[in-house]
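Engineer: Sequence:
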Amino acid sequence: AADVWSVTSFKELHRDALEAERWNLLHPANPERVPYVTECLAGRPGPVVAVSDYVKALPESIARFVPGRMLTLGTDGFGRSESRAALRDFFEVDAKHIALATLVGLMREGKLSFEDVTHAMRELEIDPAKRNPMNT
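The numbers in our numbering rise by one with no breaks, and the one at position 106 of the sequence shown is 106.
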């Protein structure tokens, strides 16, 4: 099972986290404030996979405030004209790549084997030798 969250604004989550960080710095005698994203994800099991139809830098802006390890998928490229489905596949932000990122996160936590992940890659028809879309 997995939890799926929708982020309305990575920018606002980042701004909230920076505000908490600043407040904590300027008020060391007071109890620390916890960023909203940290509070929401605290104690949740499993990997966090952040996905955006925009550049990876946007979800990466909250990575240090996410408990545990966060894997990020985004469309670091430009100048392509295709259907949304084709673009999401090209930039590796479609459902099969989200599933792969989740499986790799579970493998890194010791909950899946390398063989499980490579089997899934074959089933999902993901080519690890595919050229990086950021370089095309």
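Careful, some of the hints might be misleading.
Stated by the list, open to error - Here are the simulated distance ranges between beta carbons:
hint: 1; residue 1: T136; residue 2: P31; range: 45 to 51 angstroms
hint: 2; residue 1: P28; residue 2: A57; range: 50 to 56 angstroms
hint: 3; residue 1: A63; residue 2: G43; range: 32 to 38 angstroms
hint: 4; residue 1: S83; residue 2: P28; range: 27 to 33 angstroms
What the hints assert, rightly or not - In silico DSS-like links for lysine-lysine, alpha-carbon gap of 30 angstroms or less:
hint: 5; residue 1: K111; residue 2: K96
hint: 6; residue 1: K111; residue 2: K56
hint: 7; residue 1: K130; residue 2: K96
hint: 8; residue 1: K56; residue 2: K130
These are calculated hints, taken from the structure and not from any lab test. Just so it is clear, the structure is predicted and the values come from calculations on it, not from any experiment. C-beta: ideal position from N, C-alpha, C; glycine also.
Engineer: Decide, hint by hint, whether the structure agrees.
Structural biologist: These are the hints, each one checked on the structure:
no. : hint                             : in the structure
1   : T136 <-> P31: 45 to 51 angstroms : holds (49 angstroms)
2   : P28 <-> A57: 50 to 56 angstroms  : violated (31 angstroms)
3   : A63 <-> G43: 32 to 38 angstroms  : violated (18 angstroms)
4   : S83 <-> P28: 27 to 33 angstroms  : violated (53 angstroms)
5   : K111 <-> K96                     : holds (19 angstroms)
6   : K111 <-> K56                     : holds (26 angstroms)
7   : K130 <-> K96                     : holds (14 angstroms)
8   : K56 <-> K130                     : holds (19 angstroms)
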